[in-house]
Amino acid sequence: MQTAHSPGRWLFDRLSLRKWDFWTLVIVVGYAFFFAFVLYPLFSLFISSLNQDGKLSLATYADFFQLKYYRSALLNSFQVSGLATAFAILIGVPMAYVLTRYNIPFKGLIHILIIMSLLSPPFIGAYSWILMLGNNGFITRFLNEIGIPFGSIYGWHGIVFVFALQFYPHIYLYVSGALKTIDTSLEEAAESLGRSGFMRVLTVTLPLIFPTLSAGALMVFMASFADFGTPMLLGQGFKVLPILAYEQFISEMGGNPAMASTLSVILVVCSTTILFLQRYFVSRKNYAMSGMRTPKQIRLRPVPRVLLTIGAFCVVCVSMIPQVTVIVTSFIKTNGPVFHRGFSLDSYREILYRVPKAIMNTYSFSSIAIIVMVVFGMLLSYVLVRRKSKWTAALDGVIMVPYVMPGTVLGISLIIAFNKPPLILTGTWIILVIAYIVRKLPYTIRSSTAILQGLDRGVEEASISLGVPPMRTFFKTTGRLMMPGVLSGAILSWVTTINELSSTIVLYYGATATISVTIYSEVFTANYGTGAALASILSVSTLISLLIATKITGQNDLRV
Amino acid sequence: MTRIVFDHVSKYFGETKAVNDAHFSIEEGEFFTLLGPSGCGKTTLLRTIAGFYRQEEGDIWFDDQKINQVPPYKRNIGMVFQNYAIFPHMTVFDNVAYGLRARKIAKKEIEKRVMEALEMVELSHLRDRVPSDMSGGQQQRIALARAIVIRPGLLLMDEPLSNLDAKLRIKMRSDIRKLQKELNITTIYVTHDQEEALAVSDRIAVINEGVVQQIDTPQNIYSYPKNKFVANFIGISNFLKCPCTMGDPEAGTAKIRIVDRELAVSLQRRYEGQVLVSIRPEQVGLRPVEEHSDGWRGVVVDVTYLGEKVGYQVRLSDGSELQVHQYAVDPFSLYRVNQKVNVDLHLEKAVVFDSEGQEVLYRANGTLSRKMAVRQA
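Read top to bottom, the protein sequences are chains A and B.
Just remember that our numbering sits 8 ahead of the position in the first sequence, which is counted from 1.
Just remember that our numbering sits 697 ahead of the position in the second sequence, which is counted from 1.
Okay, chain A solo, but in the shape it has when bound:
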């Protein structure tokens, strides 16, 4: 046996150890994608915000902080998002507690309905609340007829109402997850020390779930802060930032791209700040729990059981009313904004005749986006979890960026980046698909990462040691095992993609219109019947997809 320790050979060994393989390619493609479609557009957006007639200028920023019109939009945004978050917590936490800890009947049904109301797009909620509580809504009319003075749902309180009902499921899902895995011995300890009932919840349970609760609250806040459709439909003069950005960009009387970009940059800065604040507070309160003893369900006596069940159903029903309203409305005879007596399929006939392209577009665009997302998301998450290096850590950070980009902002930034050479994509369907991928890929990656972390690494090593090369090993073992979780996550992403409005409305043109933008324009031109028919198609698609996803996971723990 001989040894040859020459520096040259050592170097050779080191280099060949780091030799390029398939996974290196995945990392490179990942970087290329996020640079091209996230960082470059963001950068273009920033440059555009400083560009005043070809000169570098901070004028639009100065305007923003000096003109009340803009400033108040920022305050409005914070006001509705903050209030919506507070109400969502007030609804979501008790719902989660009651449904995880007590033996409430029909839990599965309630759970599915809650997810259902989360997945349907907020602007459909807003729209059907207009049908009920608008100036000419049937409930408004009814209330006025019996002599109860009621204005309408328009204005900021309406927006908060719709947001809270729409987004409390985020809180519910996060908190019930935490409540299920909490270590009960901590609660038992509190009880043995003389704290019981409500005080125990207040002093032990709630503080323990605080990190999770705050993550859910962040989701609610971000979603409310970024939402475009609801304030657009319900605002009527009450402006929030995404609307202002959209109006400045698309304005018929010559838009102001610099101002639109400035507003977008400010939106991104605000979301980022909120995100980091949440991270900061949570980082100081992170309780690792072994969860050895998970909580048991408490059997309630009949009276409280019935009362709590009724309460839970009330919440779910109120949040489901929009869906029902939309579906019922879609079958009512209409003539523009006027509803007639009797049922008919006219609305459906009309949409099939007038906007078949939009329906096709919706399903084809989101299907393409989803396929790319699943493949890309699985491969990228694998790299992030199993090939840890400083490169993948940085990629992990870059992947987070779309979280803080409201749909409107993403749309504007993609247009600014790709309406000029080297790459012109505006007016194509590709830019829509890219927008969908960028928006949802982070979620796909997050859920795949979570699945991957739960898989035993040894399985892959076992396969390799048995003579199967790493690439084939991945597809034979880990890839296969990840599939159900990834698929159900993908279906949920698909659902939110078919319902996507805020970036589509910036990026579409006539031929690439989707169902969601068509609904939006139908509602604005007061074609309530056709709008409802289109919305019903989305609702039914959502419901079917949700049922399929539940079937695949085989249980009720969907990752949204």
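One or more hints might be untrue.
[Unchecked claim] EDC-like cross-link-like pairs, simulated, lysine to aspartate or glutamate; straight-line CA separation at most 20 Å:
(1) Lys763(B) x Asp791(B)
(2) Lys484(A) x Glu753(B)
(3) Lys714(B) x Glu906(B)
(4) Lys398(A) x Glu712(B)
(5) Lys952(B) x Asp791(B)
(6) Lys1037(B) x Glu969(B)
(7) Lys396(A) x Glu712(B)
(8) Lys771(B) x Asp29(A)
(9) Lys1006(B) x Glu969(B)
(10) Lys396(A) x Glu753(B)
The hints are simulated quantities; they were obtained by calculation from the structure and are not laboratory data.
Please arrange chain B on chain A, whose structure you already have, making use of the hints.
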């Protein structure tokens, strides 16, 4: 059947040397155990052999092939993982057939070899079951069958029994040992359980902080530990700190004072200062105190009844304490706490280390033991 040679192999994690200059060989058909506390580098070394880690320095040879550059899937190694790593989406049969299919072996041959392997581990009746609802012991057997069915040149086992309960562990380890001898596969076995290592191995390498402390047969490791770490890690040892002075320069002996007695010992080299006399608990005898008995005097401090044997903690007159194990022949007449006893140290089975416990100054073997004459001080 492969012979493995480690030629000055080192593996770093950042600045720390997880494996520090491993330099030894494993013979064909040998059952070789890497033994050490958790974090000592034994699993790192195993994974380096498997090819999941790459050493920074040194070479590893399988027979006359240097395998530094060979990727893990071409090393023809059977590996059994601590958590079994059974493919949860395949039946028992498919799990075992996996490696054979990767080798493109004919279907009939696969069927035959898989069933042979399953029979060896007594699982042939479960061939079509899905492993997820099977017990830990059964999963362990699947993992074993899957590793041996490919007729590997080398079998690696990473703490394969640590997730099983005590009784099953003892049965499995003798099964593994029997199977290994039957198939005559060179096997490297990682464990932190010294009893398991003594039970199954042809030879053991004791590792601490990345450094191989001693490689030897179980009997030699136990009887002649090379340093304090080995003496302490394998079984239990009592260490008595004793002063050592120059004895008879002509005879080349030194004088070691154990409590109140002085012994003349011929050490490996000239040494003065403190020494550690290491003696196993079962090499200490206790007797009721008699008037004119020789030996040391002590007091029983603690009694632990363990069923077939009894453990005593005994304090000698200078305050140092000894662990003593005796068979509990009559469990109803044990020594009591505070009872005075006569202590016999069977010094012909003792080992003497330097004060740091790093060097053997004296150890008894057939000839040396007679030279350790005990005299009244």
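Hint-by-hint comparison with the structure:
For the given pair, Lys763(B) sits about 32 Å from Asp791(B) by alpha-carbon distance, which is inconsistent with the 20 Å threshold. For the suggested pair Lys484(A) and Glu753(B), the alpha carbons sit about 31 Å apart, so the restraint of at most 20 Å is broken. Restraint check: the Cα-Cα separation between Lys714(B) and Glu906(B) comes to about 8 Å, which is no more than 20 Å; the hinted pair holds. The suggested pairing of Lys398(A) with Glu712(B) holds, with an alpha-carbon distance near 17 Å, which does not exceed 20 Å.
Distance hint between Lys952(B) and Asp791(B) is unfulfilled; the C-alpha atoms sit about 68 Å from each other, more than 20 Å. As the CA atoms of Lys1037(B) and Glu969(B) are separated by approximately 33 Å, the hinted pair breaks the 20 Å bound. For a cut-off of 20 Å, the pair hint linking Lys396(A) to Glu712(B) stands: about 18 Å separates their Cα positions. Among the hinted pairs, Lys771(B) with Asp29(A) is consistent with the structure: their alpha-carbon atoms are about 17 Å apart, no more than 20 Å.
Between Lys1006(B) and Glu969(B), the direct Cα distance comes to roughly 38 Å. Violation of the 20 Å bound is thereby established for this hinted pair. Using a Cα cut-off of 20 Å, the hinted pair Lys396(A) and Glu753(B) holds, with the two alpha carbons roughly 19 Å apart.
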